[in-house]
Structures are given as structure tokens and as C-alpha cells.
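Heads up: the first sequence at position 433 corresponds to 433 in the working numbering, and the numbers run straight through without jumps.
Be careful, since some hints might not be right.
Claimed, not checked - Below, a list of computed lysine to aspartate or glutamate pairs in the DMTMM-like style, where the Cα atoms sit at most 25 Å apart:
#1 Lys608 / Asp640
#2 Lys234 / Asp324
#3 Lys420 / Asp351
What the hints assert, rightly or not - Between beta-carbon pairs, the in silico distance windows are:
#4 Gln297 / Gln226: 38 to 48 Å
#5 Glu426 / Asp505: 31 to 41 Å
#6 Gly308 / Asp166: 50 to 60 Å
#7 Arg241 / Pro65: 58 to 68 Å
#8 Thr19 / Lys200: 33 to 43 Å
#9 Pro96 / Glu588: 18 to 28 Å
#10 Gln226 / Pro88: 25 to 35 Å
#11 Ser622 / Gln226: 45 to 55 Å
For the record, the hints were derived by calculation from the structure and aren't laboratory data.
Quick caveat, the model's predicted, so the values are computed rather than measured.
For every residue, glycine included, the Cβ atom is placed at its ideal position computed from N, Cα and C.
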Amino acid sequence: MIYVTFPDGAQRQFAPGTTGLDVAKSISPSLAKRTVAMALDGVLTDLADPITRDAKIDFVNREDPRALELIRHDCAHVLAEAVQALYPGTQVTIGPVIDNGFYYDFFRAEPFTPEDFAAIEKKMREIIAKDQAFVREVWTRDQAIAHFEKAGEAFKVELVQTIPADQDLKIYKQGDWLDLCRGPHMTSTGKIGSAFKLMKVAGAYWRGDSTKPMLSRIYATAFAKQDELDAYLKQLEEAERRDHRRLAREMDLFHFQEEGPGTVFWHAKGWTLFQTLISYMRRRQQQAGYIEVNTPQVLDRALWETSGHWQTYRENMFITQTEDERVFALKPMNCPGHVQIFKNGLKSYRDLPLKIAEFGTVHRYEPSGALHGIMRVRAFTQDDAHIFCTEEQIMDEAMKINDLIMSIYEDFGFTDIVLKLSTRPEKRVGSDDVWDKAEAALMRVLEKVAEGGVRTGVNPGEGAFYGPKLEYTLRDAIGREWQCGTTQVDFNLPTRFGAFYIAPDSEKTVPVMIHRAMFGSLERFTGILIEHHAGHFPLWLSPQQITICTITQEADEYAMEIIAEARKRGLRIEADLRNEKINYKVREHSLAKIPVLLCIGRKEAADKSVSIRRLGSQAQTSMSLDEALTALAAEAVAPDLKLN
RNA sequence: GCCGAUUUAGCUCAGCUGGUAGAGCACCUCAUUCGUAAUGAGGGGGUCGGGGGUUCGAAUCCCUCAAUCGGCACCA
Numbered sequence: 001m002i003y004v005t006f007p008d009g010a011q012r013q014f015a016p017g018t019t020g021l022d023v024a025k026s027i028s029p030s031l032a033k034r035t036v037a038m039a040l041d042g043v044l045t046d047l048a049d050p051i052t053r054d055a056k057i058d059f060v061n062r063e064d065p066r067a068l069e070l071i072r073h074d075c076a077h078v079l080a081e082a083v084q085a086l087y088p089g090t091q092v093t094i095g096p097v098i099d100n101g102f103y104y105d106f107f108r109a110e111p112f113t114p115e116d117f118a119a120i121e122k123k124m125r126e127i128i129a130k131d132q133a134f135v136r137e138v139w140t141r142d143q144a145i146a147h148f149e150k151a152g153e154a155f156k157v158e159l160v161q162t163i164p165a166d167q168d169l170k171i172y173k174q175g176d177w178l179d180l181c182r183g184p185h186m187t188s189t190g191k192i193g194s195a196f197k198l199m200k201v202a203g204a205y206w207r208g209d210s211t212k213p214m215l216s217r218i219y220a221t222a223f224a225k226q227d228e229l230d231a232y233l234k235q236l237e238e239a240e241r242r243d244h245r246r247l248a249r250e251m252d253l254f255h256f257q258e259e260g261p262g263t264v265f266w267h268a269k270g271w272t273l274f275q276t277l278i279s280y281m282r283r284r285q286q287q288a289g290y291i292e293v294n295t296p297q298v299l300d301r302a303l304w305e306t307s308g309h310w311q312t313y314r315e316n317m318f319i320t321q322t323e324d325e326r327v328f329a330l331k332p333m334n335c336p337g338h339v340q341i342f343k344n345g346l347k348s349y350r351d352l353p354l355k356i357a358e359f360g361t362v363h364r365y366e367p368s369g370a371l372h373g374i375m376r377v378r379a380f381t382q383d384d385a386h387i388f389c390t391e392e393q394i395m396d397e398a399m400k401i402n403d404l405i406m407s408i409y410e411d412f413g414f415t416d417i418v419l420k421l422s423t424r425p426e427k428r429v430g431s432d433d434v435w436d437k438a439e440a441a442l443m444r445v446l447e448k449v450a451e452g453g454v455r456t457g458v459n460p461g462e463g464a465f466y467g468p469k470l471e472y473t474l475r476d477a478i479g480r481e482w483q484c485g486t487t488q489v490d491f492n493l494p495t496r497f498g499a500f501y502i503a504p505d506s507e508k509t510v511p512v513m514i515h516r517a518m519f520g521s522l523e524r525f526t527g528i529l530i531e532h533h534a535g536h537f538p539l540w541l542s543p544q545q546i547t548i549c550t551i552t553q554e555a556d557e558y559a560m561e562i563i564a565e566a567r568k569r570g571l572r573i574e575a576d577l578r579n580e581k582i583n584y585k586v587r588e589h590s591l592a593k594i595p596v597l598l599c600i601g602r603k604e605a606a607d608k609s610v611s612i613r614r615l616g617s618q619a620q621t622s623m624s625l626d627e628a629l630t631a632l633a634a635e636a637v638a639p640d641l642k643l644n
């Protein structure tokens with residue numbers, strides 16, 4: 001006999017091989033009816049699975065958060081059946097659950113279009129209505145290969161062939177349709193419910209490999225309940241409203257045009273924001289002991305051959321050839337430039353760590369399909385720095401960078417950070433003991449940071465070819481994650497360029513180079529800020545902080561006085577003196593997301609006061625001009641300059 | 001780069017199976033000087049993404065290039 005333990009701690013005996021369903025039935029028919037799966041010792045399992053050992057059992061109904069994955073996975077199977085029913089000859093491949101939904105990749109000569117969705121969804125509802133049981137079978141490899149070959153499912157055959165020979169092949173059937181699948185599934189298709197929706201079609205490479213065939217992917221989502229689906233769709237709309245490309249137009253921040261794909265035309269307001277970020281970062285870096293430099297935009301090909309970039313990234317570089325046939329490249333990175341500055345003049349161990357920073361604009365010929373607003377561009381500015389130090393200093397410097405990055409993100413309102421360590425890739429340079437040291441140093445940083453309550457993780461084999469790296473990912477106001485900061489340890493480049501310092505023993509010694517960026521790309525970080533705040537910037541970041549809205553022309557002169565006084569205090573302010581109604585002006589400047597509106601009419605002009613209206617509120621506050629400007633100027637101080 | 005979609009006025013979009021371009025907002029002019037999210041009237045504005053082709057005739061059909069969007073791949 002086996003012992004089954006229930007969530008309340010009660011134990012009961014069953015014959016070995018009793019299924020979860022039998023156990024549920026033994027408790028009550030209604031429990032059996034509403035249970036869609038079980039968790040055995042915490043592992044989600046088919047309810048029809050026999051229980052063969054002592055285990056804790058937990059019945060999962062479809063409202064259980066753990067069931068969501070099953071609903072989506074089951075729905076993927078139903079999607080595949082529906083597609084094969086409607087479009088004979090379509091081959092199935094894989095259909096996994098992903099964040100917020102699932103997809104299924106099909107192979108078909110003619111790709112799907114969103115116009116097909118209505119028919120597919122209808123067919124899916126029919127399949128769900130039939131409420132066929134999911135039945136699991138275990139097949140041999142040969143049996144599976146024979147079946148899928150006969151069915152013309154070449155991709156499935158390939159999948160079966162990649163599964164280790166000693167492993168069972170699980171087949172899940174729903175009525176006549178079946179799929180190779182790891183499971184688990186719910187008891188029947190009817191449990192999926194009706195809160196699902198096909199979202200979009202896309203192309204995707206078979207096995208994620210660009211040398212393999214392009215498949216037709218259908219993205220979809222499913223939830224336990226309709227209101228959850230509705231909430232999700234609403235969230236997507238919200239994300240669209242925050243889209244930085246749309247807000248940039250509405251707020252007059254920047255634009256793109258055809259002649260410069262992937263390169264930004266910064267308008268005055270966007271550039272003000274950009275410069276505010278640079279000023280902020282410059283202060284933080286100076287305080288942290290960095291020196292700031294500037295290196296050439298265009299450098300001889302020979303330099304890039306020495307650095308190794310020419311060999312690896314030639315096709316992604318902007319190249320230019322001059323009249324004398326000399327080949328130059330626009331810099332795709334700042335590192336080689338910084339090494340030149342390090343090498344210029346003899347360096348001593350006493351100079352280390354030497355922290356060289358640059359707001360370096362780099363050009364990279366990114367694949368056309370990669371471009372995305374200002375998030376992914378072909379010309380961008382990095383808050384780049386390289387720390388030349390000894391091996392012994394790596395840990396300490398990486399920790400200092402970490403503290404600086406965390407403090408900076410906090411100033412921008414990002415407190416949910418994930419830190420990941422990427423370790424040595426297969427293709428790499430440098431000896432293993434050097435890698436050991438570098439990884440150990442970064443791992444200690446990771447552990448220390450984890451102790452402080454930050455989420456951490458490891459990406460094995462994801463490091464750069466020259467060294468391991470730490471990657472900082474932040475989560476924005478609507479939960480999306482963005483990778484920004486990075487710390488990379490490099491033993492390679494200083495050697496390639498023959499950089500050295502004089503060690504205490506008078507020997508020439510190659511320094512370690514730590515690459516480090518905190519915003520990452522200024523363009524990208526700006527985009528993240530736009531979306532994070534949905535354009536409602538805090539005062540210190542807002543490109544235009546105040547608009548004065550006059551109610552009558554009698555206040556024009558006073559408006560000019562306010563402007564002069566506010567600008568003296570460093571506030572970014574404009575006046576709207578147009579002959580328009582106050583309603584019109586309030587609406588227009590609210591839509592432009594100006595954080596502070598100062599409305600002035602005859603009354604305010606007479607007693608030198610202002611009526612303040614803040615973005616997002618309809619409340620009006622009246623106070624004296626001096627009082628108002630003092631408060632606003634105090635609020636507009638950058639977080640690093642605030643005294644408290 | 002690959003798959004798919006899209007490209008019409010500054011913006012958002014309409015324009016059926018080919019018959020010679022339209023709306024709202026914005027802009028300009030005039031009137032209105034008004035108290036916290038759209039005052040009224042009038043007016044101007046488009047090589048229909050570029051190039052080529054089919055046709056008596058192309059925004060509309062075909063080819064091609066480009067950009068953009070959604071994914072995939074890429075991201076030093």
C-alpha cells in the first residue's frame with residue numbers, strides 16, 4: 001500500500017497504481033469533477049497518472065494559479081488541431097507556453113494572416129465544446145517516427161530523433177488528434193474554457209536558427225476567466241499608450257526619417273532630457289573618481305584589426321574610405337580609444353585603478369529588422385567607462401560599480417533590479433585560471449548583492465569572448481524588463497594593444513580592463529524613462545517644467561516677469577500668451593504633459609500671485625509668485641543634488 | 001538579414017470590383033479678451049513612400065527599391 005498525504009496533513013492508504021482521479025473520487029465526486037490536474041510532491045502531473053509511491057497530493061482546479069500554464073498548453077494543442085483541420089497539409093512543430101500566453105509554430109507554404117483568426121478561433125471553440133479527454137500514451141521512438149513519417153510531419157520526426165534513445169516518448173491524444181508532448185495536461189479540452197484569443201502572426205526560424213526554414217507562428221493567450229483576459233488586453237493598450245515613439249511625437253521630443261534609418265533627430269525638448277541625463281551622470285561619475293575624456297569618431301581600420309573588431313564585426317561597422325584610399329571606420333565601441341589614452345605616457349601601479357569615462361557616440365550597422373524607435377538604433381551614445389586596474393582590484397571595483405548603478409537606478413525610480421552573471425562561453429580567449437579569477441570576483445559581487453536582497457541569477461556560457469559580465473536588468477512601471485547596465489571584465493584588449501603599467505617590482509604588467517556602462521545607451525534609457533513615466537516626468541527630468549497660461553492680455557507683462565524670475569532660478573519655463581480661452585490652453589498643455597501650469601489673469605497680475613495646476617490633477621492652488629517658484633525650484637533639483 | 005503587414009495633408013484615418021482625392025484635428029486669417037481639458041466664421045494645404053510596368057485611363061493591378069510596424073535571428 002502507499003500513503004497519500006493531503007494538504008491538510010491527513011493521510012490515507014491506497015493501492016499502488018491508484019490514479020489521482022480515483023483518489024479525488026474517493027473524497028467526493030464534485031472534487032473529482034472540478035479537479036483538472038494534481039501536484040504530486042509539488043510537481044504538476046496528469047490527474048490520470050497512477051500514483052506509485054508515498055506522496056503528498058494537492059488537487060488543482062482550473063482557477064488555481066498553477067493551472068494557468070496547463071490551460072495555455074492545452075489551448076496550444078487545440079490551436080494546432082484546429083489549424084490542421086482547417087488547413088490540411090500544415091505541419092505542426094512546437095507550441096510552448098510563454099509569458100502572457102503561448103504560441104504554436106506551423107510549417108505551411110502560405111503563411112497565416114490575422115484574417116484567418118476568426119475561423120481558427122471558431123474551430124477551437126468547437127473542439128473545446130466537444131470536451132474530449134486528453135489521453136496520454138507512451139510510444140517507442142520507432143513507433144513515433146513511423147507515425148509522424150506517415151503523417152508527413154517531418155519536423156516532428158526531427159524532434160523525436162533528437163530525444164535521447166532511452167527516454168519515453170509521450171503522446172497526448174484529444175479525440176483523433178495527437179501530438180508529441182512532455183505534458184502534463186488537464187483532464188479534457190473542455191477545461192480550457194473560452195477566455196482565449198489569437199493575438200498575432202509572425203515568422204520564426206525552426207529551432208531558432210536563421211539557417212533553418214522559416215515557420216509561421218501564431219501567438220495567442222488564454223486565461224482561466226474572461227475578466228483576466230480583458231485585464232490583460234487592457235494592459236496591452238496601456239503599453240501602447242506609453243509607447244515612446246508615440247509619446248515622442250505628442251511631446252515633440254525627436255523624430256526619425258527615411259534618410260537616416262536608425263538615427264535620431266533630437267528636437268529641443270528631447271535633447272534637453274538627454275542632456276539632463278548626461279549632466280546627472282557626469283556629476284555621479286566625477287564624484288566616484290572617474291575622469292572624462294573624448295576620443296575620435298573615425299579611426300583607421302588598423303586599430304580595429306588590432307582590437308579584433310574588424311574580424312568579428314566588419315559587416316556591422318560603418319566604413320569610410322578617403323581620397324587617399326585609406327580605410328577608416330566609425331567607432332562601434334569606445335574601448336580601443338580609451339586604451340590609447342591609457343597607453344599615452346607611462347603608467348604606474350600608483351595610477352590604478354584609472355577610471356576613464358566618455359559619453360561616447362558609437363555607430364553600429366544593426367540589421368534592419370532590429371531597429372526599434374530609440375530603443376535600438378544605429379548611432380547611440382553610451383555612458384561608457386573603462387577601469388584599468390590590477391587583478392586584485394577587480395572585486396572591489398566591480399562592487400563600487402554595483403553600488404553606483406543601484407544608487408543611480410534608485411534616483412530614477414527603478415528599485416526592482418535583477419542582476420545576472422554571464423560566465424565563460426565556449427568560444428573565448430584567455431587561460432582558464434584567469435577566467436577562474438574573473439568569474440570568482442564577479443560571483444562574490446553577485447553573492448554580496450544577493451545578500452542585500454537583490455534578485456540574482458547566472459547565465460552560464462553567456463559571457464563575452466574576452467571575459468565574464470554582470471548584467472543589470474530593471475523593471476519598469478508596467479512590469480517590463482530592460483537590460484541596461486553591464487560590468488565586463490576583460491583580460492584580452494589590454495594585451496592586444498600592448499598596454500602596461502609599471503608594477504611595484506618595476507616589471508611591465510598588463511592591466512585588467514573593466515568595461516562598464518550604467519545607462520547603457522542614453523537613447524535606450526531615455527526611451528525606457530519615457531515609457532516608465534508614460535511621459536509624466538518628474539520635475540527634474542521634464543524638458544519643459546512650466547507653462548504660463550495667461551487668461552487675458554492684461555497678464556502678458558506679468559508673464560514675462562515670471563519667466564525672467566523663474567529662469568533665474570534655473571527653471572525651464574515658457575509662456576502661452578495666445579489669444580485663446582484658458583480651457584483651451586489648459587487642455588493643450590496638459591496633453592503636451594507639461595507638469596506645472598501657472599494660470600494668471602487680472603487678479604494674479606495685481607497681487608503677484610499664481611494659480612498652480614499640476615499635471616494629472618484638476619486642483620488649483622493659489623500662492624505668491626515667490627513662494628511658488630521657491631517650491632518648484634526646490635522640487636526640480638536633481639536627486640543627487642538634494643541635501644537630505 | 002528572414003517571414004508577414006503597412007506607407008494617402010503636419011497628425012489620425014476614409015477612398016467599393018481601375019474613371020482622375022476626402023474627413024476630423026492641426027495650420028493661416030478675421031472676430032472674440034474669456035478664470036482651469038476643444039469659442040465661432042472663413043481660408044490654404046496632397047508628385048497618394050520612390051522608380052518602373054500594364055492600361056484609353058492607376059491612390060487602386062503587376063514588378064522593384066526604401067522606410068515603418070509585429071515577430072524571428074542579431075545585439076561587441
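Glutamine 297 paired with glutamine 226, Cβ distance criterion 38 to 48 Å: 56 Å, violated
25 Å limit on alpha-carbon distance, applied to hinted pair lysine 420 and aspartate 351: 30 Å, violated
Beta-carbon spacing of serine 622 to glutamine 226 - inside the hinted bounds 45 to 55 Å or not: This hint holds: roughly 48 Å between Cβ atoms.
Cβ distance range 50 to 60 Å for glycine 308 and aspartate 166, holds or violated: Violated, since glycine 308 and aspartate 166 (Cβ atoms, about 43 Å apart) do not stay within the stated range.
Range hint 58 to 68 Å (beta carbons of arginine 241 and proline 65) holds or violated: Given about 28 Å between the Cβ atoms, the range is violated.
Verdict for threonine 19, lysine 200 (Cβ pair) under range 33 to 43 Å: The hinted range 33 to 43 Å holds for threonine 19 and lysine 200, with Cβ atoms some 39 Å apart.
Restraint status (C-alpha distance of lysine 608 to aspartate 640 at most 25 Å): 32 Å, violated
Verdict for glutamate 426, aspartate 505 (Cβ pair) under range 31 to 41 Å: 36 Å, holds
25 Å limit on alpha-carbon distance, applied to hinted pair lysine 234 and aspartate 324: 59 Å, violated
Cβ separation of glutamine 226 and proline 88, checked against the hinted range 25 to 35 Å: 32 Å, holds
Status of the given 18 to 28 Å range, CB of glutamate 588 versus CB of proline 96: The hint (18 to 28 Å, Cβ to Cβ) is violated, given that proline 96 and glutamate 588 are roughly 48 Å apart.
Checked against the numbered hints above, the structure violates hints 1, 2, 3, 4, 6, 7 and 9; every other hint is satisfied.
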